[in-house]
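*Asks:* Chain residues, written in single-letter form:
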Amino acid sequence: EADIYQTPRYLVIGTGKKITLECSQTMGHDKMYWYQQDPGMELHLIHYSYGVNSTEKGDLSSESTVSRIRTEHFPLTLESARPSHTSQYLCASSEFTGATGELFFGEGSRLTVL
Amino acid sequence: AQSVSQHNHHVILSEAASLELGCNYSYGGTVNLFWYVQYPGQHLQLLLKYFSGDPLVKGIKGFEAEFIKSKFSFNLRKPSVQWSDTAEYFCAVGGTGGSYIPTFGRGTSLIVHP
Chain C
384 EADIYQTPRY LVIGTGKKIT LECSQTMGHD KMYWYQQDPG MELHLIHYSY
434 GVNSTEKGDL SSESTVSRIR TEHFPLTLES ARPSHTSQYL CASSEFTGAT
484 GELFFGEGSR LTVL
Chain F
60 AQSVSQHNHH VILSEAASLE LGCNYSYGGT VNLFWYVQYP GQHLQLLLKY
110 FSGDPLVKGI KGFEAEFIKS KFSFNLRKPS VQWSDTAEYF CAVGGTGGSY
160 IPTFGRGTSL IVHP
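Sequence lines, in order, name chains C and F. Every position in the first sequence, counted from 1, becomes a number in our numbering once 383 is added. Every position in the second sequence, counted from 1, becomes a number in our numbering once 59 is added.
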């Protein structure tokens with residue numbers, strides 16, 4: 384059973400608000416990811432990290448930012464939310480094995496911006 | 060850049076029918092291949108994976124997938140589906156070199172009628 388947790392599960396906010404989506408894992412994994420998932424579409428990688436103090440942007444351009452101060456914690460922040468940010472955000476982690484390994488996913492954070 | 064194509068976006072079957080979901084990928088090097096499943100209301104989880112060796116891999120719940128290198132394919136199969144197989148299925152590919160970031164397909168929504 385994967386131990387990766389996302390909060391909040393659901394969030395409805397107004398335009399212009401700052402929001403932080405939390406993601407924590409207890410597996411000690413070095414690699415962590417944020418994906419954006421819309422119905423009927425691929426999972427789009429928006430951020431990833433290879434370890435503490437490592438963050439990279441993914442394939443999909445995003446106005447969000449991330450930080451990795453601790454191994455277990457990988458929060459995503461939107462400074463000023465807009466309706467176009469409405470989506471489901473999935474956090475995942477994997478062991479750094481030098482190759483693409485299995486991803487462990489959280490349950491997701493569904494964001495609605497009004 | 061790597062890409063993943065899932066041909067069937069929506070599949071509806073009756074219980075006991077056979078299932079085959081297509082997955083083709085584009086990648087210039089050696090790959091690791093995955094199928095993930097997302098049951099309604101649950102997080103994405105690994106169904107099966109191929110790293111090397113026997114190209115026919117078996118996963119949980121009676122699923123299997125065959126890696127055909129010459130066709131760049133990794134199709135998912137199950138001889139007899141059950142109502143509980145109703146879920147979203149995602150194919151993913153990742154390299155064994157480079158950045159090791161997995162790329163996901165659009166997903167296939169499978170509905171199994173009892």
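The set of hints was computed from the structure by calculation and includes no laboratory data. Mixed in with the good hints, there may be bad ones.
What the hints assert, rightly or not - Partial list, derived from the structure: chain C residues whose beta carbon lies under 8 Å from chain F:
# : residue
1 : Tyr388
2 : Leu428
3 : Glu490
4 : Val496
Glycine residues also receive a C-beta, built at the ideal position from the N, C-alpha and C atoms.
*Asks:* Which numbered hints turn out to be false for this structure?
*Replies:* Of the numbered hints given earlier, those the structure breaks are 1 and 4, listed in rising order.
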